[in-house]
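Protein chains in written order, with my numbering: chain A, 1 to 108; chain B, 1 to 850; chain C, 1 to 186.
Check each hint, because a few of them may be wrong.
In silico DSSO-like pairs for lysine-lysine, Cα to Cα no more than 27 Å straight-line [claimed, not checked]:
1) K187(B) with K128(C)
2) K25(A) with K507(B)
3) K118(C) with K144(C)
4) K100(C) with K118(C)
5) K662(B) with K827(B)
6) K208(B) with K54(A)
7) K301(B) with K333(B)
8) K166(B) with K167(C)
9) K166(B) with K118(C)
10) K54(A) with K187(B)
11) K262(B) with K54(A)
12) K100(C) with K187(B)
13) K54(A) with K100(C)
14) K25(A) with K391(B)
15) K166(B) with K144(C)
16) K128(C) with K118(C)
17) K25(A) with K166(B)
18) K187(B) with K167(C)
19) K154(B) with K178(B)
20) K100(C) with K167(C)
21) K496(B) with K178(B)
22) K827(B) with K779(B)
23) K208(B) with K128(C)
24) K128(C) with K166(B)
25) K662(B) with K262(B)
26) K154(B) with K25(A)
27) K25(A) with K333(B)
28) K109(C) with K133(C)
29) K801(B) with K779(B)
30) K25(A) with K181(B)
31) K25(A) with K178(B)
32) K48(C) with K128(C)
It is worth saying that the hints were derived from the structure and are not from the lab. Given the structure is predicted, the values throughout are model-derived calculations rather than measurements.
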Amino acid sequence: MKIFWLLLLSFTCSHVFSQDFYFRKEPPLVVEDVRQINIIFQAEDQMIWLGTDKGVFWYDGRRYRQSYVLISNWQRLPALPKVAKVRSGRDMKMDICIRCLLMVMVSI
Amino acid sequence: MSAHGNGKHIVADSLRGSLISGLLFNDADQLFITTYGKGIWKYDGDTFKRVGFRELAQIDDIYDALFDLQGRMWLATDNGIWIYQPGAPESLSHIGQDQGLPDEIVTQLELAVNGDIWIGLYDHGMACYTIDRDTVVSLRSLQTSIGNVIGLCKGRPGEGWMATEKSIVRYNQDGSSKEIKLPSEMKDRVGSLLYDISGNLWVANGNKIFVANTRFEFTEPGISGIQALAVSNNQIWLGCESGLYGMDQQHRQINRYLANEKMNILSMYTDDAGMLWIGTFGQGLYCFDPRTKRHLHLTEKNGLSNNSILNIDGHGETIWLATLGGISEISWKGNPFNNDISITGFNDKFDFPEVYVYDVFAGPDGRVWFGTDGKGLYVYENGQFRFFETKADTIAQTDDQPKTIYSIAAGQNNTIWISGVKGQILQLGESGEILDHFQGNQGLIKSLVLSGANEMLMIREAGIHVMNRFGQSNLYAESSGLNSFTPTINATVQDKDGSVWIADTDKILHYIPFREDTHQQVRMHLLSISPTSLLNEQFALLKADSNFINIRYTGLWYQDPASVSYRYRLIGHDQNWIYTQDLGAVYSNLSPGQYTFIVEGSHNEDFSNAQSLTRQFVVSPPFYLRWWFITGTCLLITWIAYTYITARIKRINKLHELEKEKTMLQLHAIQAQVNPHFLFNSFNTLAGIIEENQEAAVDYVDQLSGFFRGVLTHRNAELIRLEEELEMVRNYIYILQKRYGNNLRIHENIAHAAGWIAPLSIQLLVENAIKHNIVSAEKPLSISIVVDQEWVAVSNPIQPKINASTESTGFGLSSLVARYGYLTDRKIEIRKEENTFAVRIPILYNDKPV
Amino acid sequence: MIKLVSIVLLFAMALTKANGQGNIFSTQTGTISFISEAPLEIISATSKKMEGVIDATALSFAFAVGIRTFEGFNNGLQQQHFYENYLETDKYPTATYSGKIIEHVDLTKPGTYQVRAKGQLNIHGRSKERILKVELISTGSEIKVSATFLVPLVDHQIEVPRIVNQKIAQEISVAVHGTLTLAVKP
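Given these sequences and hints, build the entire structure.
Structural data, given as structure tokens:
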């Protein structure tokens, strides 16, 4: 009998809990009046790249810097539209730049 | 990253108007471009060609694409998944609803490490294609209103992350999933998801970026006063002020157990059989079987030293309790519920001081350690209980024995780590020698616990240091959400999967290791450098005016970017390292020499394993300091001096020579003039005339004296007037004519009589003519003297004397030529033609006599 | 309105991939209604003059509705604001949705089909690709269409001044019902 009550009592007080991650907010990308970040991507050398509606940026944890590509007069990489993906080129960032540009130029 | 990209841009008109959904490079280095709107294209380096193999020609909208481990191209379309094999046998296969795909609209594809393909669907959440079974497994789908999957990422092995516009879900390979609660600040649509290489989860929301450190999960069970943790029977057990609770991860439920027992739980321990031993504050010890829910209650009445049990640890079928009244050892055989328990109090058995024991640690080698409050470290080994002395070492620099020890954990190779009240953390070897210590200079460490990945966690308020087996430690603090974390001392437990549970009073932190046993460093990047020749080269030779260096760098440590600091040094200029948080360094006005610049970044101020960026360069000395220049200049100066001096000497010598010559000439002139032969002949002639004609003799003497008067007057002059010379010459000729009579004929042609001439020069010429030629009746000599504006020309036919005259000394003409050489550039011209000998003397106008 | 139908029909014809005739279902009296639920006000209106065409063979569709055919606003001023300011009906008198049906179903066979339509939704001159869930109930000679979906104002650059922000929702809830009958083959 005692065991029964014990068992009963031991099943009371159950409720659901949630498990959360702590999200910290990075400093805002207010450069160039960016409204929408479409893609976040990490290159092979660990740098984080962002494709936004106002161009391509890279972020080192402290500052956002816009990426330029040397075509005649330092053209900026155009905005990456949402559906487009960025895949790493085989090696370096240069490669990515090229791919990004290739990708974007072709889709305009 | 430097902003220098050599952008090669390729424009494809045929692809205009479509969005590119994938850029694929296969092993054969071919590039395939999948588009949303225009299908698949292949780029062969030159042109774009649409791939139209079978159904692919009709597929226009491709959401995503990838290459799997077998080199096949997976295409996510509105009609399921198409798998295309380019190359020698081209093939195409399809995965649709018939093959188990829950939704035909596939929007995302991601390749897992083991070859599985995670599939994101429009309406069904996620599915997974398992490579070993070659089938599609529908993962537990969420409510259909969850929306389109916009991102898929690989997480830890066997884990995938899925993002829709409004939610983020984590899927495990066994099919279970968990939706992540997003912070309230995430109001906009989720744009992108990234799980980076260091275990951070990045979410792009509008124009904001959120980052979570996936090592830590926070649970708020809704209970406060959590003081102990244990793991048993697939549940996490919380020992609280109010009693015992079990947390079931699978079902996310918390249940209360032993509710009618009044328990203020201070400590818990799970033995090898899964029994939960619970130490309380004043209520003694409980043993609880999670499966059968049976429990056992032991108190002082049963022989415990005290009813308040602060810490429990054990080994096999023995446990040791640290109670307020000393240490009790409890052992049993088989099953503790069989009333086969023996309890021993250490205080009676051993000489153990009455002291509060913070931590009991049963080490893997069988030794049991006790960390006390104020009385140091004790060890129980082979039935012996003794004080364990820490031998202070000169290297460790600890002042004295750690007297109060909060927490003990196992180190490698039978060493232990202890954390003391003064904040020092020491690693002790077999005989108490200090092998290593850790400087956690921000507060004392409350607990030490090991994770399954061979890491030691050092837990303190507002931060956790994780030290891997290489001795490197990472600090997780504010950026991981730990700034309000107040851990309860020793309320930690390692779970079966190697993760660690840590209790705060009302929160539980779950630490899941992420590849921490690999070497992790701040990744350094060179942003820009000036002079630019050093940008891509490790070494450069700089000109003298480029004697500066301006470098900008950054270091990546996304777990906690604020903790990154740098040190740099210019070898050849700086004696020591310069520690800074700046992202650049400038050196200017460098003196010529060899330099090496090094910069390193670290996240925990420990640079011993930091990655560094180096550049070497040499500043050339300016040209005026080069050896060759200096040597050359010296030589030049020497040569100039030498030449100058030599020239001067020459000039002086020349002057002397000139003087000498002049004097000699004068001497010769005088000598010539006082030529005794001339006098002799003249007197002979005179004697002849005296006899004949007295008057003529007087004239003759007049002329002779006139001649000699002229000689006397002009003997020192360099130049005399032409008229004067002509007069002297006339005198001379008169004398000669008296001697030679008609045998000598002088023809004068004087057009002009102005200018200057050397004295006795014409006279000399005439004299020479007579000296060298026959003057006789048979052969009379004609001498012509022509004077024009520029020249005095004396010429005579050549009628040489048979016997050379001894009078000729040869001095005359040559010394005259030499004399004129000093006076003017115009030379005396001597012409000896067939029958005529002519000499021309220039008449000088601008030169005045000295 | 005849002009509109012919435009729509032309759309449908163009989408037909098969040679020759397709099975074309059409209507001119479809119903479309929307509700804007804002904190301060609920606005709703309905049009009974939606035109639509479905080509059962090519599985393509085209729907159109003249904005001015909506009725049921709370007051005339509200209606005027809708027409002239927010939706600018003099420039963009029609809203259309045309595209194809993703699932391969045979609409000539009777049955209930829950399908998804993918196409360009054009409102206020701005197009956005939308995939919408649609229920099609076919009797063989008739297809009943029903669908409900949300239209975010921002997708079509419909700008509402801040003053009336509280009165107009940022997402409008739209419901479509129609019965399309098999058109006589030409």
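Cross-check of the supplied hints:
Annotation: proposed proximity of K187(B) to K128(C) holds, straight-line Cα distance about 22 Å (limit 27 Å). With a C-alpha separation of about 22 Å, the suggested pairing of K25(A) with K507(B) holds against the 27 Å cut-off. Between K118(C) and K144(C) the alpha-carbon distance is near 18 Å, which keeps this suggested pair within the 27 Å criterion. Our distance criterion of 27 Å between C-alpha atoms is met by K100(C) and K118(C), whose separation comes to about 6 Å.
Straight-line distance between C-alpha atoms of K662(B) and K827(B) comes to about 17 Å, which keeps the hinted pair within the 27 Å bound. For the hint linking K208(B) to K54(A), the alpha-carbon distance of about 14 Å falls within 27 Å, and the restraint holds. Proposed proximity of K301(B) and K333(B) is supported: the alpha carbons are some 21 Å apart, at most 27 Å. Note on K166(B) and K167(C): the hinted pairing holds, with a Cα-Cα distance of about 24 Å set against a maximum of 27 Å.
Only pairs whose Cα atoms come within 27 Å are accepted, and K166(B) paired with K118(C) is accepted, the gap being roughly 21 Å. For the suggested pair K54(A) and K187(B), the alpha carbons sit about 21 Å apart, so the restraint of at most 27 Å is met. Between K262(B) and K54(A), the direct Cα distance comes to roughly 63 Å. Violation of the 27 Å bound is thereby established for this hinted pair. Between K100(C) and K187(B), the direct Cα distance comes to roughly 32 Å. Violation of the 27 Å bound is thereby established for this hinted pair.
Distance hint between K54(A) and K100(C) is unfulfilled; the C-alpha atoms sit about 32 Å from each other, more than 27 Å. A C-alpha spacing of about 47 Å is found between K25(A) and K391(B), which places the hinted pair above 27 Å, so the restraint is violated. Simply put, K166(B) and K144(C) have alpha-carbon atoms about 32 Å apart, too far for the 27 Å limit, and the pair is violated. For the given pair, K128(C) sits about 10 Å from K118(C) by alpha-carbon distance, which is consistent with the 27 Å threshold.
Under the criterion of a C-alpha separation no larger than 27 Å, the hint pairing K25(A) with K166(B) is consistent with the structure, at around 17 Å. Restraint check for K187(B) and K167(C): the C-alpha separation of about 21 Å stays at or below 27 Å, so the hint holds. This hinted pair checks out: K154(B) and K178(B) have alpha carbons roughly 15 Å apart, not beyond 27 Å. A threshold of 27 Å between alpha carbons decides the hint, and for K100(C) with K167(C) the separation of about 35 Å lies outside it, so the pair is violated.
With a C-alpha separation of about 20 Å, the suggested pairing of K496(B) with K178(B) holds against the 27 Å cut-off. This hinted pair does not check out: K827(B) and K779(B) have alpha carbons roughly 32 Å apart, beyond 27 Å. Between K208(B) and K128(C) the alpha-carbon distance is near 24 Å, which keeps this suggested pair within the 27 Å criterion. Note on K128(C) and K166(B): the hinted pairing holds, with a Cα-Cα distance of about 19 Å set against a maximum of 27 Å.
Restraint check for K662(B) and K262(B): the C-alpha separation of about 143 Å exceeds 27 Å, so the hint is violated. For the suggested pair K154(B) and K25(A), the alpha carbons sit about 22 Å apart, so the restraint of at most 27 Å is met. Distance hint between K25(A) and K333(B) is unfulfilled; the C-alpha atoms sit about 55 Å from each other, more than 27 Å. Simply put, K109(C) and K133(C) have alpha-carbon atoms about 20 Å apart, close enough for the 27 Å limit, and the pair holds.
For the proposed pair K801(B) and K779(B), the alpha carbon gap of about 11 Å is at most 27 Å, so the pair holds. At roughly 15 Å between alpha-carbon atoms, K25(A) and K181(B) fall within 27 Å of each other, so this suggested pair holds. Between the alpha carbons of K25(A) and K178(B) the distance comes to roughly 22 Å, so the proposed pair stays at or under 27 Å and holds. Taking the CA atoms of K48(C) and K128(C), the gap is about 24 Å. The hint holds against a cut of 27 Å.
Hints 11, 12, 13, 14, 15, 20, 22, 25 and 27 from the list above are not met by this structure, while the remaining hints are.
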